[in-house]
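> In order, the protein sequence lines correspond to chains A and B. Residues in the first sequence are numbered consecutively from 1, following the working numbering. Residues in the second sequence are numbered consecutively from 1, following the working numbering.
Hints are computed from structural coordinates only; laboratory data are not their basis. All residues carry an ideal CB built from backbone N, CA and C; glycine is no exception. Hints should not be assumed to be uniformly reliable.
To be verified - Taking lysine to aspartate or glutamate and the EDC-like style, the derived pairs with C-alpha atoms no more than 20 Å apart in a straight line are:
hint, chain 1, residue 1, chain 2, residue 2
1, A, Lys-92, B, Asp-191
2, A, Lys-92, B, Glu-301
3, A, Lys-175, A, Asp-37
What the hints assert, rightly or not - On the chain B side, residues computed to face chain A include the following (Cβ under 10 Å):
hint, residue
4, Val-58
5, Leu-105
6, Val-244
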Amino acid sequence: MIFSFQLLFEAIVFGILLGCFYAAVSIGLSVAFGLLDVPHVAHPAVLIFAAYCAYLLGSYGWDPILAGLALMPLFFLFGVVMYRFYYETFEKRGTEAAVRGLAFFFGIAFIIEVGLILAFGVDQRMVEADYIGKSLTFGEMRVPLRMLLAFGVALALTAALTLYLSKTFTGRAIKAVAQDEPALRLMGANPVRIKQWAFGIATAVTALAGALLIVVGPVEPMLDRVYIGRTFCVVVLAGLGSMTGTLAAGLILGISESIVLMHFGASWAPAVAYALLLVVLGIRPQGLFGR
Amino acid sequence: MRLRGSPFWIGAAATVVLAAILSLSGVNEYFFFAGYVVLQFVVLATAWNILAGYAGYVNFGTAAFFGLGAYTSVVLILSLGAPLLVQIAAAAAVTGLLGFGTGLLTLRLRGIFFSIATVAIIYIAETLMMNWRYVGGATGLQFLRPLPMVPFETYTRMLFFVMAVLAVIAVSIARYVESSWIGRGLRALRDTEEAAECNGVPTLRLKLFACTVSGALMGMAGAPLPMYLSFLEPASSFSLNYSVVALAGAIIGGTSHWVGPAIGAILLASVQQIVTVTISSEINVLVVGVLLVVFVVAAPEGIIGLVKKLRRPRAAAGNPS
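Looking at chain A on its own, in the form it has when it is part of the complex (with noise of 0.2 Å):
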């Protein structure tokens, strides 16, 4: 293996477009498990669900970013709908529901997958787009512009949520219902109200995230098992619900994995997101910014 600054160099800028991804895909995933507890194991097979919608929308000739604009509202719908599900069942029955729970959003995951598979099939997906395919020169090195754009969209989402969370009045109380409930009682607020908003608001963050996937690569109904890891990965290694942390992690996931890209090569990328979840739950399982 040759060493070269070149090449690290490349594989760094391409790791923090490809983290900011990362961030996005994972930031639903950070608000439904780690603001509001849902162990929410089928958040990468909503992804992809959302990917697929963008893709049939895209067939009818609309860009994929404004289909993932345009299912945000559905998917708000589907993650109520889904959350109040959720609560009905298990959450209101305490501890012993919880693991029920796991197992069922571990069934609906399966079930999101087997759908994609009998709707699309197992082939891999991809839309067209006029950013689809050209890429930008800098020097030595090309940057494809999907990428860029995935970056750029991947990076504003995560900062429009974050001032959502710190700013407005809704937000504030989700964060408040994730470090307190029974005092958000007593003020008088509904907490089932407001977690079932903030499960609406993660999903339909995830649309939007869903159609960036899309964008950055082709995409398969299987590929959510691969999600698994890395949307954990970032949710844990940021620390439980911190927005910023989410895009640190992001950032340091697409790096690593990016590194390996290039000096291992693809057989062993997928791991990465695995293994360093591994380390991060084995030595320090609060994560980077955790309370």
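With the hints as your guide, set chain B onto chain A.
Relative to chain A, chain B alone:
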């Protein structure tokens, strides 16, 4: 919870004898091909339940133990040409060790954190095997089956019998764990770990024991896989599908009693076999997902719970859960 011993052992012996008679009889070969898979899931679901059902730690990593068991066999076949029983014993040792390691994770991790860590183990094991040339790398290896042992006509029939014996062993171990002080300790730590520890339950030792036994049984179930398929490659042997079927089988059957996972796995895997043959193999995964969600929502105690409710409708109505 006191179980009278003899009816169980008569049943266990009868199962083994029945499996032997079946595998020596003239039944269609396909029956053994499908029956092997059903019995394999009985072992997996029962093993899964030892940790999850009694101790409350949900293991999504069944596929890691199963696949590693299969790959232990591969290494032994390639290096020594070891016979099947040695493969099974070695697989149990290796995955038992991995189980012990997983048990150490429970020191710090609970709930979903533990579950996600076990998913990580699957992918790391898969990636290692994929990059290990000796065992075939990503493309896998083909194997030539040796001749079956004397009374058996074909190798598939022999494997069917072996898996039946493994299933009986797994269920016996689960029953022993459940009815002994180990099971009581595990249930205590499932309810409140701190309280159990304070009352003198050796929680770490019990968790390590449960993880090791559960892992070893899963590895045993995987050990005959290379010979059963005459082929092995990493992507399908570490498939998350094994994890979901084991988990679904146990939950559908009922996690509170040793017989639950066995019943659930037999029903689920049989339905899967029928659906695969009559409709398609994609639908069979869908069936697992749908049944899992339906049971978890509508009948959380599984088939065992439903039967109990039917038997004692009044007592069940008095229970507030």
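> Hint by hint, where does the structure go against what was stated? Just the numbers, ascending.
none
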